[in-house]
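*Asks:* Here's the letter readout for the chains.
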Amino acid sequence: MNPIQALGANSIAKVAAIGRAGLMLIGAIFALPKLKNVPLTIQQIYVVGVQSLLIIVVSGLFIGMVMALQGYTILVDYGAEGSLGPMVALSLLRELGPVVTALLFAGRAGSALTAEIGLMKATEQLSSLEMMAVDPLRRVVAPRFWAGLISMPLLAAIFSAVGILGGHVVGVDWLGVDAGSYWSLMQSSVEWGNDVGNGIIKSLVFALVVTWIAIFKGYDSTPTSEGISKATTQTVVFSSLAVLGLDFILTALMFGIE
Amino acid sequence: MNKYKAELMVGVFVLLSIGALLMLALNVANQTMSTKGDTYTLYAKFDNIGGLKERSAVKVGGVTVGRVTSITLDKKDYTPVVELSIISKYSEFPETSSVSILTSGLLGEQYVGFQPGFSFDGIANLQDGDYLQDTKSALVLEDLIGQFLFSRGKDED
Numbered sequence: 001m002n003p004i005q006a007l008g009a010n011s012i013a014k015v016a017a018i019g020r021a022g023l024m025l026i027g028a029i030f031a032l033p034k035l036k037n038v039p040l041t042i043q044q045i046y047v048v049g050v051q052s053l054l055i056i057v058v059s060g061l062f063i064g065m066v067m068a069l070q071g072y073t074i075l076v077d078y079g080a081e082g083s084l085g086p087m088v089a090l091s092l093l094r095e096l097g098p099v100v101t102a103l104l105f106a107g108r109a110g111s112a113l114t115a116e117i118g119l120m121k122a123t124e125q126l127s128s129l130e131m132m133a134v135d136p137l138r139r140v141v142a143p144r145f146w147a148g149l150i151s152m153p154l155l156a157a158i159f160s161a162v163g164i165l166g167g168h169v170v171g172v173d174w175l176g177v178d179a180g181s182y183w184s185l186m187q188s189s190v191e192w193g194n195d196v197g198n199g200i201i202k203s204l205v206f207a208l209v210v211t212w213i214a215i216f217k218g219y220d221s222t223p224t225s226e227g228i229s230k231a232t233t234q235t236v237v238f239s240s241l242a243v244l245g246l247d248f249i250l251t252a253l254m255f256g257i258e
Numbered sequence: 001m002n003k004y005k006a007e008l009m010v011g012v013f014v015l016l017s018i019g020a021l022l023m024l025a026l027n028v029a030n031q032t033m034s035t036k037g038d039t040y041t042l043y044a045k046f047d048n049i050g051g052l053k054e055r056s057a058v059k060v061g062g063v064t065v066g067r068v069t070s071i072t073l074d075k076k077d078y079t080p081v082v083e084l085s086i087i088s089k090y091s092e093f094p095e096t097s098s099v100s101i102l103t104s105g106l107l108g109e110q111y112v113g114f115q116p117g118f119s120f121d122g123i124a125n126l127q128d129g130d131y132l133q134d135t136k137s138a139l140v141l142e143d144l145i146g147q148f149l150f151s152r153g154k155d156e157d
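Protein sequence lines correspond, in order, to chains C and P.
Each residue of the first sequence is one higher than the last, beginning at 1 in UniProt numbering.
Each residue of the second sequence is one higher than the last, beginning at 1 in UniProt numbering.
Please note that a few of the clues may not be correct.
[Said to hold, decoys possible] With a Cα cut of at most 30 Å, we get these calculated DSBU-like pairs of lysine-lysine:
#1 C:Lys36 with P:Lys5
#2 P:Lys53 with P:Lys75
#3 P:Lys75 with P:Lys59
#4 P:Lys45 with P:Lys59
#5 P:Lys53 with P:Lys89
#6 P:Lys3 with C:Lys36
Think of the hints as simulated: they come from the structure by calculation, not from any bench.
Extracted from the complex, chain C is given alone in its bound form:
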C-alpha cells in the first residue's frame, strides 16, 4: 500500500505547489499599479537585466560568428554563400535569440533570484516584512517579476542584433561574402511581424516562465541551506527544460505548416 500512498501524497504536493505558484503569480502581477514600486522595479532591472548584459553580448557575438563560419563552409559548396545573411538572421531571430537568452538568463539571473528570495525566507526577512504589515509579494516578489519580464525581451533583441553583427564580422570581413548580398538578401527574407515579432513574443513567454519558476522556487523553498541549494538547482533545471519544451510548441504554432 505504501508506494501507492507515496504516489498520492506526491501528486497532491505537486498540485498544491502549482496552486501556490499561481497564487503567487497573481499576487505579483496585480502588484504593479502601485507607483512607489517603480523605483524598486528599476533597481531590479539593473540587477537582472543590466548585469546580464555582458554575458548576453559576448555569447551573442560568438554564436553569430560560429554560425557564419559553419554556414559558410556548407553554403559555399553550392555557391550560395550570399544566403549566409538570411540564414544567420532567421535562425537568430526565430530560435537562438529567444532560447539562448532564456537559458543564459535562467543561469545568470534566475538562480540569483531564487537564492536571494530563498535566503530572505531562511533568515526570516519575509516574515519580518509581514509583521510590519508590508506584503512581501508586493515589496519583494513583484518588482523582481516585472524586472525579469521587461528585461528578457530587451536582452533577446540585443542578443540577435549582436549575433547578426558577429555573423557580419566573420562572413563579410573575414570570409569575403559580399556585404551587399549579406544585408539585402537578409532584408528580403526577414519579415518584421512574422520573424522579429514572433521572436519577441517567444522571449516574452520565456521571460514569464523563467522568472516565475525562479521566484516561486525561492519563495517556496525549504528555509535551510540545503533547501536553498536544492531550489537554486531546480530553478536552472526546470526553467531550461520548460524553455526548450515551450520553444518547440511555440515554433510549431508560429512557423508550422500553414
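Let chain C serve as the given structure and place chain P on it in line with the hints.
*Replies:* This is chain P only, laid out in the frame that chain C set:
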C-alpha cells in the same frame, strides 16, 4: 549615489535595446513596401507559376515595382491567376506589356519580370484591375529536360 547609478545604467540598457530593435527593424527586416493605399492591381494568367509565392517581387529591369498579393486558380479553365499589386508611382505601363516568371540566379527565388511594351497611338495604359495578355510561364526544369530528350530523339531518326 548607488541608486542614481542603477537608474543611469538601466537607462543605458533600455537605450541599447531600443537601438538593437531599431537595427533589426531598419537593417534586418525588409522595409515592407506599402501594399495598402497607393497601389493598383493587375492580373496575369499563367500556364504554370513554378515556385512563385505570395509576396514575391514584381520587377522591371531589376527594380522592384510591386509584389504578388495573391495566387488563385481560375475555376473555368484551371489556370493560375496571379494578382500583382503595383505602386501607383509606376502607373504608365502600356497594354502591350508582358510578364514572365523568372528566377534570380541558379538557385534563387522566383519573381515576376515585368516587360513594359511599346506605346503607340491608340494603345491605352494599363488600368486598375486589367488582365495582362502576354504572359510567359515559369521554366520547369523537368519539362525542359523532357523537351531536350524529345528533340534529341527526333534528331537521331
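*Asks:* Now look at each hint and say whether the structure bears it out.
*Replies:* Going down the list of hints, with the structure as the test:
1. As the CA atoms of Lys36 (chain C) and Lys5 (chain P) are separated by approximately 19 Å, the hinted pair is consistent with the 30 Å bound.
2. For the hint pairing Lys53 (chain P) with Lys75 (chain P), the CA-to-CA distance comes to about 19 Å; that is within 30 Å, so the pair holds.
3. For the suggested pair Lys75 (chain P) and Lys59 (chain P), the alpha carbons sit about 28 Å apart, so the restraint of at most 30 Å is met.
4. At roughly 17 Å between alpha-carbon atoms, Lys45 (chain P) and Lys59 (chain P) fall within 30 Å of each other, so this suggested pair holds.
5. For the suggested pair Lys53 (chain P) and Lys89 (chain P), the alpha carbons sit about 24 Å apart, so the restraint of at most 30 Å is met.
6. For the hint pairing Lys3 (chain P) with Lys36 (chain C), the CA-to-CA distance comes to about 15 Å; that is within 30 Å, so the pair holds.
Consistency with the previously given hints is maintained throughout, with no hint failing.
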